[in-house]
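There are 4 protein chains.
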Amino acid sequence: MTEMPEPAAPPIAVIGGTSTNATIAELACAVGREIANRGGVLICGGRGGVMEHSARGAREAGGTAIGILPGRPGEDTPNIYLQHRIFTGIGQARNQVLVLSAVAVIAVSGGWGTLSEIALALKHRIPVVLLSSLEIRPPDGRDEPLLFQSQTPVEAVAIAFANARRFS
Amino acid sequence: MTEMPEPAAPPIAVIGGTSTNATIAELACAVGREIANRGGVLICGGRGGVMEHSARGAREAGGTAIGILPGRPGEDTPNIYLQHRIFTGIGQARNQVLVLSAVAVIAVSGGWGTLSEIALALKHRIPVVLLSSLEIRPPDGRDEPLLFQSQTPVEAVAIAFANARRFS
Amino acid sequence: MTEMPEPAAPPIAVIGGTSTNATIAELACAVGREIANRGGVLICGGRGGVMEHSARGAREAGGTAIGILPGRPGEDTPNIYLQHRIFTGIGQARNQVLVLSAVAVIAVSGGWGTLSEIALALKHRIPVVLLSSLEIRPPDGRDEPLLFQSQTPVEAVAIAFANARRFS
Amino acid sequence: MTEMPEPAAPPIAVIGGTSTNATIAELACAVGREIANRGGVLICGGRGGVMEHSARGAREAGGTAIGILPGRPGEDTPNIYLQHRIFTGIGQARNQVLVLSAVAVIAVSGGWGTLSEIALALKHRIPVVLLSSLEIRPPDGRDEPLLFQSQTPVEAVAIAFANARRFS
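Protein chains in written order, with our numbering: chain C, -1 to 166; chain P, -1 to 166; chain S, -1 to 166; chain U, -1 to 166.
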């Protein structure tokens, strides 16, 4: 009989815009590093900007980076730091795949696309940690216990691990 | 040779939560009626709440209501006011189908799911008109020319028609 | 209190390749006409070839044609015979939306894409009627009670209506 | 400056039914082992049957197994041999994600669902290798250069690697 393999590492999604400045790039990279340092797997949208820098951070720390891409192979350009590239071919609907596959989401920056992912994660009751200047409020004004603020990459990842949904 | 058929009516998406109070229900119904009165097609998520009341309004005014449902037939319960039911079986990823099929989106109320749709529409550059108390701000603080506020159902629909993306 | 609206017309999907010859085009058109004549709604993939000719047939008979398109508006070119265009933006995964939204599927011709749709419909237990020269066998060699052969468009549509899944 | 990381291992998809007999289970396991032995990554649908046995084989040989699941976490039951679980929440439409993410597909057995995946892979011009008794013919009767027959797991994997689409 085969022995039960070791449990997989918890996947943490890092989301944010494709265009970044040096500050955002360094924040994203530090988040990726810290996820790897704590034994997590980094999953991201697979493209440039925050996705690329967080994947780079995970790889630099010896971790695993997985990209969930919107396009098909050939039409989509994955960043070079991904060990595994999941080509969905379903466009922005791939955000659902990203948040459902994560035990927690860390949002580093971004515009409407990132906001859409944050809201979708919370709709699915996946915890979301905001880093840097992102400011999100529930549209109905109610308190949201799964939405967290953080000041540093290390704090963001600590909150993500502490509040991760049960990984089964 | 076949003659070119008449151009189809412009589809306007109405979005909002599944749970409503009497005020929200009446707003949604009035939006649906006004869309039909102006010759538009109402498209919605196909379920209850704002989706149902807006579809009811469109039907009462002699118009067409189409539902884009998250589930499969049998597992999903479409409201009774839809002439056409599109069962996607892709869960919340059906929000992408809804916003891409519309020339404008009107948001009546709602929580994280509705916010996710609003942000997704704007990511795809589909105009969004907010009605009632919804308050949304771009996460990066930039001005968003495709996001509109309205005070009444008639005004919301007028703004939607005036700013609809080109329908081709 | 609002009265219950009349039940919607049963949607029948017509599938087949984008490239057709005159024979296939006429078959597809005749299938569309017959669906409309029997009070059904024609749903198709929204593009050219069999999709376009079946939609043309439905329109010529005074019926309704709905297209479920793989792309986004602008990147996809719907045929001119559709009253309603559902832009999914999920590529070939839109085949799932097409078969789940139908009470029966009629396959007129086609290659791997059409075979994929036929198999997907049967996986979901939606009846499939084959017209013209298409020959499909279950991969496991078992008898498939939901797969039908037909010789003419009128016979194909009659079988589709007679075996349609319950429309609720 | 960061050095370019090593290229990722080529992902090979193994597909087949959820119900298997001992012969099919051993074939699937041997395919998974051989993929790992040759340095590939095993990707599969993440559930039981052929998916589980191929993942078990890859793990036994020290390789990596990734599951692309149809459901959401909690509603879907991944097999225990996966290092990474991608929850799509898009139902059978996840077959598109599976074939697009692979450089080649090996089909071990199965019914309509597997046939649908085979046809979808070929529609996207991903090579498909058939093992065991599966017999598939192009619906239009044309020769298909990307569809291969094999007699043993080792031969199936050899053909898959030899004909894999360019991995970029």
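Derived from the structure by calculation, the hints contain no laboratory data. Worth double-checking, as some hints may not be accurate.
Note that the list lumps identical chains together, so a pair holds whenever it fits in one copy or between two copies.
[As the list claims (entries may be wrong)] Calculated pairs, EDC-like style, for lysine to aspartate or glutamate (alpha carbon to alpha carbon, straight line, at most 20 Å): (1) K121 / D141; (2) K121 / E58; (3) K121 / E153; (4) K121 / E24; (5) K121 / D74; (6) K121 / E73; (7) K121 / E142.
The hints, checked one at a time:
For the identical chains of this complex, K121 and D141 are intra-copy neighbours only, at 14 Å inside a copy versus 26 Å across copies, given an alpha-carbon limit of 20 Å. Taking the closest pair of Cα atoms, K121 and E58 never come within 20 Å of each other, the shortest separation being 33 Å inside a single copy and 32 Å across copies. Taking the shortest alpha-carbon separations for K121 and E153, neither the intra-copy value of 24 Å nor the inter-copy value of 29 Å comes in at or below 20 Å. For a Cα distance limit of 20 Å, the shortest separation of K121 from E24 qualifies neither inside one copy, at 29 Å, nor across copies, at 25 Å.
In this homomeric assembly, K121 and D74 come within 20 Å of each other (Cα to Cα) only across copies, at 18 Å, whereas the closest approach inside a single copy is 28 Å. In this homomeric assembly, K121 and E73 come within 20 Å of each other (Cα to Cα) only across copies, at 16 Å, whereas the closest approach inside a single copy is 30 Å. With identical chains, the CA atoms of K121 and E142 are at most 20 Å apart within one copy only, with a shortest distance of 11 Å there and 24 Å across copies.
Hint compliance for this structure: hints 2, 3 and 4 are not met, and every other hint is.
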